[in-house]
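Asks: Residue numbers for the sequence shown follow the UniProt record's numbering, beginning at 1 and rising by one.
Honestly, the hints are just simulated from the structure, not real lab data. Among the hints, a few may not be true.
[To be verified] Label pairs and their calculated CB-CB ranges:
1) A16 - S85: 28 to 36 Å
2) S18 - K72: 13 to 21 Å
3) A61 - G32: 17 to 25 Å
4) V22 - D59: 30 to 38 Å
5) G32 - G52: 28 to 36 Å
6) E76 - K30: 28 to 36 Å
7) A61 - A83: 16 to 24 Å
8) G78 - D23: 25 to 33 Å
9) R68 - T17: 24 to 32 Å
10) K72 - A45: 26 to 34 Å
[Stated by the list, open to error] With a Cα cut of at most 25 Å, we get these calculated BS3-like pairs of lysine-lysine:
11) K55 - K30
12) K55 - K72
13) K5 - K30
14) K30 - K80
15) K5 - K74
16) K5 - K80
17) K74 - K55
18) K72 - K5
19) K30 - K74
None of these values were measured; they are calculated from a predicted model. Even for Gly, the Cβ is constructed at its ideal location relative to N, Cα and C.
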Amino acid sequence: MSVGKQIIPEDWTIIATSPGGVDKDFYNQKTGEQTWYTPEGMTAAEILRVPGAEKYWFDEADAEAYIREMAKQKAENGGKDIADS
Numbered sequence: 001m002s003v004g005k006q007i008i009p010e011d012w013t014i015i016a017t018s019p020g021g022v023d024k025d026f027y028n029q030k031t032g033e034q035t036w037y038t039p040e041g042m043t044a045a046e047i048l049r050v051p052g053a054e055k056y057w058f059d060e061a062d063a064e065a066y067i068r069e070m071a072k073q074k075a076e077n078g079g080k081d082i083a084d085s
């Protein structure tokens, strides 16, 4: 996340990209930004404020585990994201 960039969770949408929502994309309705991972710099508390997040995470611990898993996947994929596909 760049310095000064404010994350507004309510600007984001979660898009289930597989049955049951196992795979998810985050899409920012205002900026058009989209990611396979969690938005850069977004905290677990902020993820839980994204509309519809309650379908995927019960609490901050669940969201933290998801952030860690997505960071691991991003590293394994060499940092490539939707814009690179």
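Asks: For each hint, tell me whether it holds in the structure or not.
Replies: Evaluation of the provided hints:
no., hint, verdict
1, A16 - S85: 28 to 36 Å, "18 Å, violated"
2, S18 - K72: 13 to 21 Å, "18 Å, holds"
3, A61 - G32: 17 to 25 Å, "31 Å, violated"
4, V22 - D59: 30 to 38 Å, "19 Å, violated"
5, G32 - G52: 28 to 36 Å, "19 Å, violated"
6, E76 - K30: 28 to 36 Å, "30 Å, holds"
7, A61 - A83: 16 to 24 Å, "30 Å, violated"
8, G78 - D23: 25 to 33 Å, "19 Å, violated"
9, R68 - T17: 24 to 32 Å, "20 Å, violated"
10, K72 - A45: 26 to 34 Å, "21 Å, violated"
11, K55 - K30, "22 Å, holds"
12, K55 - K72, "23 Å, holds"
13, K5 - K30, "14 Å, holds"
14, K30 - K80, "22 Å, holds"
15, K5 - K74, "21 Å, holds"
16, K5 - K80, "21 Å, holds"
17, K74 - K55, "23 Å, holds"
18, K72 - K5, "23 Å, holds"
19, K30 - K74, "24 Å, holds"
Of the numbered hints given earlier, the model fails hints 1, 3, 4, 5, 7, 8, 9 and 10; all others are met.
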